[in-house]
Amino acid sequence: MVESNDQIILMKGIHKNFPGVQALEDVDFALRKGEIHALVGENGAGKSTLIKILTGVERQDKGTITFEDKELLIKSPQHAQSLGISTVYQEINLCPQLTVAENILIGREPMKWGNVDWKKMNSRARQILEGLDLKIDVAQPLGSYSVAIQQMAAIARALEISSAKVLILDEPTSSLDTHETEQLFSVIRKLKNEGMAIVFITHFINQVYEVADRITVLRNGKLVGTYDTAGLPRLELISKMIGRSLTEYEDMSKVKSDVSKHIRGDALLQTKALGRLGAIEPFDLVLHAGEVVGLAGLLGSGRTEIANLLFGIDKPDTGSMVYEGHAVKQFSPLASINRGIGLCPEDRKAFGIVDDLTIRENIILAIQARRGWFKHLNLKEQYELAERFIKLLNIITPSPDQPVKNLSGGNQQKVILARWLATNPQVLILDEPTRGIDVGAKAEIQKLVLSLAEEGKACMFVSSELEEVLRTSHRIVVMRDREKVSEFGGDVDGRKIMQTIAGSES
Amino acid sequence: MKTLKSTQTGRKIVESKLFFPFVALALILLLDFIFIPGFFKIETRAGNLYGSLIDILRNGSYVMLLAIGMTLVIATGGVDLSVGAVMAIAASVAAIMINPTIIGVKLPPDVMKLVFDPNFTYSPLWEVILVTLVVSMVCGLWNGILVAYGNIQPMVATLILMIAGRGIAQLITHSLRIQIFYAPYAFIGKGWVILPFSLYIVAFVYAIAWLLTRKTSIGLFIESVGINFRASFYSGIDEKKVKLLAYIFCGLCAGIAGLVASSNIQTSDANQIGLNYELDAILAVVIGGTALGLGGRFSLLASIIGALVMQATTTSMYAIGVPASAVIAVKALVVIFVILLYSKQVQSFVRKIIGQKGA
Chain H
14 MVESNDQIIL MKGIHKNFPG VQALEDVDFA LRKGEIHALV GENGAGKSTL
64 IKILTGVERQ DKGTITFEDK ELLIKSPQHA QSLGISTVYQ EINLCPQLTV
114 AENILIGREP MKWGNVDWKK MNSRARQILE GLDLKIDVAQ PLGSYSVAIQ
164 QMAAIARALE ISSAKVLILD EPTSSLDTHE TEQLFSVIRK LKNEGMAIVF
214 ITHFINQVYE VADRITVLRN GKLVGTYDTA GLPRLELISK MIGRSLTEYE
264 DMSKVKSDVS KHIRGDALLQ TKALGRLGAI EPFDLVLHAG EVVGLAGLLG
314 SGRTEIANLL FGIDKPDTGS MVYEGHAVKQ FSPLASINRG IGLCPEDRKA
364 FGIVDDLTIR ENIILAIQAR RGWFKHLNLK EQYELAERFI KLLNIITPSP
414 DQPVKNLSGG NQQKVILARW LATNPQVLIL DEPTRGIDVG AKAEIQKLVL
464 SLAEEGKACM FVSSELEEVL RTSHRIVVMR DREKVSEFGG DVDGRKIMQT
514 IAGSES
Chain R
499 MKTLKSTQTG RKIVESKLFF PFVALALILL LDFIFIPGFF KIETRAGNLY
549 GSLIDILRNG SYVMLLAIGM TLVIATGGVD LSVGAVMAIA ASVAAIMINP
599 TIIGVKLPPD VMKLVFDPNF TYSPLWEVIL VTLVVSMVCG LWNGILVAYG
649 NIQPMVATLI LMIAGRGIAQ LITHSLRIQI FYAPYAFIGK GWVILPFSLY
699 IVAFVYAIAW LLTRKTSIGL FIESVGINFR ASFYSGIDEK KVKLLAYIFC
749 GLCAGIAGLV ASSNIQTSDA NQIGLNYELD AILAVVIGGT ALGLGGRFSL
799 LASIIGALVM QATTTSMYAI GVPASAVIAV KALVVIFVIL LYSKQVQSFV
849 RKIIGQKGA
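Residue numbers (my numbering), protein chains in the order written: chain H, 14 to 519; chain R, 499 to 857.
To be clear, the hints were calculated from the coordinates, so they are not data collected in a lab.
Note that the Cβ used here is the ideal one computed from N, Cα and C, for glycine as well.
Any given hint could be a false lead.
What the hints assert, rightly or not - Derived DSS-like pairs (lysine-lysine); straight-line CA-CA distance at most 25 Å:
id	chain 1	residue 1	chain 2	residue 2
1	R	LYS738	H	LYS342
2	H	LYS418	R	LYS842
3	H	LYS393	R	LYS738
4	H	LYS342	H	LYS362
5	R	LYS739	H	LYS388
6	H	LYS328	R	LYS738
7	H	LYS362	R	LYS738
8	R	LYS842	H	LYS362
Claimed, not checked - Counterexamples of contact, computed for chain H against chain R with all Cβ distances above 12 Å:
id	residue
9	GLU38
10	ASP41
11	LYS235
12	GLY325
13	LYS460
14	GLU468
Please construct the entire structure, taking both the sequences and the accompanying hints into account.
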């Protein structure tokens, strides 16, 4: 066994600001030799920013990094590599057409009289892979092997480049099956026993408990804590990831229980065994006028898949959907907008804002799409709409003619909300509407959702923050592993939901 | 306070899409003014205006027409390499309809005498124009389907018609150059009503394009699709239809340019009409500040100025006596100069200078 205080990296008080977002705030992170250290947290928690700082891609605004007892600044990815910090990214960035050996040794091929010494290259590659207990034909194209083997070739390459002391694995198992994951784990356990310090980023809780010695939890850019895996029950880990302690949930649920009287009217939208192969198992769901239905679950549990299916981004391949008593036949965003459904997508940058357009143009986009090409809103109507929503949602900007890219994350999110409110939807689906925005804007959006329900609209509120779901929802649907696993009334206590999210084993 | 205001207006002018194309055009004309005596002289003959400046406008009409359509395509994030070939197809269709002797359609017995008559046409002019434009729009439709619904890269998708188009044009005319003697048709490209008639066509097409993009939602949708097609789709915009429309309109513009070109030289020359014009059109749009490959914000007027920059360069070179083969090289220099003006570094440098003047 390696001594436990054999520290190789110590990051202290790390701050990182991106325009409009505090990505990291006073985060500490310590890594020991010979340990597998899991880094967990929901999207936007700051995992990737922390790793980027550690690998020299970004620089911290404040805070220190101590590497092998020397305080230093990691200037660039090359610098990180020369120190012995190697990273294997989620997407394998190797060349599938080249052989395994070429992939591992590319750029550092052994030479003989000006030519590549193939014999030596293959034997060197074989030797490296044997170090990982992997015996394959290294002269075959990499693409002919399974993703797990490719992943291991990527690890071999990372080890070869820099005589690595620290290995960072960013979601290495996301595309592996159980057997392949096992294979990968045996390799990283072996490396660990040889004294390598390994950072393992994942959102699979089971895997954390399978391999990790310690766990560091981040949430909203802040450090929640570092724990020994053995001393942290699953349920507690999840509560740390999602936020707030168990007792606090119990208190809050009591306050919330009488909110659920708003529900009135019939089902606006109802699905029967609606599903899509490979995305979401068939589910039944009802949305009534005047209620907020929360969708809780971890990242990748199928929350976004439900939202996309209801709004027609993806087309279902089984089941049926009924909207206001009529069977829905056409699934497309435009058909949904015509029906009266709106969706604030999860990834604001990729699917939400059109960054070079002005605030005004972004706000009128959906209503104009519904009106069609030739029923053009004239400028006066456009400004009226834009100004009304800038005021209503308290969007902070000098003018509606600002490009939306100049706004902070929270204000951009409000612009997208305004885009949908302008269409006066009956059903509004909000997928992570408060991610990466400041606390004030968060509270405003939560309040807005409740007031929309009071006006008689149906809202679906998707969030990885359980606290938020509990506070705003009249009914809560729990997702796990791309499946709807349970549904609770708004007065359920947080512990129960967390148990459901974590699965029956805890 | 006053200086602050003047700095702001200065900045506004610099940030406008029209600024750099205008600067480029002004520089070229300034050089002409200095080095070519009589370049700015405009004569009146029978009430019509003639001169080097008028020549620039007249010879620039093809590129201006192409640039209008190309602007919309590039704004969606695409490009259309086939416009030159579509010009050739349009010219062939028009020529064969006016003078179908080659394909042996049933004709009056004295047809061989008739075709030389400036008043003879086999199909009425409106029919010629209508069919030609419909064929051009079908060409655009083909490109649009490949790009929008086939998900083929615009450069590759339109390359198909760029190569095949001239072959199609040859097929239509049986690989022959068909002469056109019909006078009303010749008026399209050669006529003069104070100004060259082709300029009125450019103005008309420009007006249509402006109304279509600025008085309907199409312009907004094109920009939105170009900037972020996923977000546009999530907002309910049928991004495929928007792209399709842009390519069809671009085909239409190429067809009109083909009519003007064939009318001007009074022949259908499938090998020469529109040759290399796709490059001039694309460069005109790029000079006009619409980002090639990225799409997004566009300005039709800036593209028109861009087209004039290209044409003014060519005309000036000929006026100085540069041989035709070298003109392309000089054009390349102009393009490099304008592209440099668009680079962020140079722009911030220019802004610094203007800011200093203001302060």
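Here's how the hints hold up against the structure:
1. Using a Cα cut-off of 25 Å, the hinted pair LYS738 (chain R) and LYS342 (chain H) holds, with the two alpha carbons roughly 21 Å apart.
2. A hinted pair counts as satisfied when its Cα atoms are at most 25 Å apart, and LYS418 (chain H) with LYS842 (chain R) qualifies at roughly 18 Å.
3. At roughly 29 Å between alpha-carbon atoms, LYS393 (chain H) and LYS738 (chain R) are farther apart than 25 Å, so this suggested pair is violated.
4. For the proposed pair LYS342 (chain H) and LYS362 (chain H), the alpha carbon gap of about 30 Å is over 25 Å, so the pair is violated.
5. Between the alpha carbons of LYS739 (chain R) and LYS388 (chain H) the distance comes to roughly 17 Å, so the proposed pair stays at or under 25 Å and holds.
6. Pair hint LYS328 (chain H) plus LYS738 (chain R) holds up; C-alpha atoms about 17 Å apart against a cutoff of 25 Å.
7. Proximity of LYS362 (chain H) to LYS738 (chain R) is assessed by CA-CA distance (about 21 Å); at most 25 Å being required, the pair is judged to hold.
8. With a CA separation close to 23 Å, the supplied pair LYS842 (chain R) and LYS362 (chain H) stays within the 25 Å bound.
9. Interface exclusion of GLU38 (chain H) from chain R stands, the closest Cβ pair being 29 Å apart, more than 12 Å.
10. No Cβ of chain R comes within 12 Å of the Cβ of ASP41 (chain H); the nearest lies about 37 Å off, and the non-interface call holds.
11. Residue-level check passed: LYS235 (chain H) sits 30 Å from the nearest beta carbon of chain R, beyond 12 Å.
12. Distance check for GLY325 (chain H) against chain R: the nearest CB is about 9 Å away, which does not clear 12 Å, and the non-interface claim fails.
13. With a cut of 12 Å on Cβ distances, LYS460 (chain H) stays outside the contact zone with chain R, its closest approach being about 25 Å.
14. Chain R leaves GLU468 (chain H) outside its interface by the beta-carbon criterion, the shortest separation being 22 Å against a cut-off of 12 Å.
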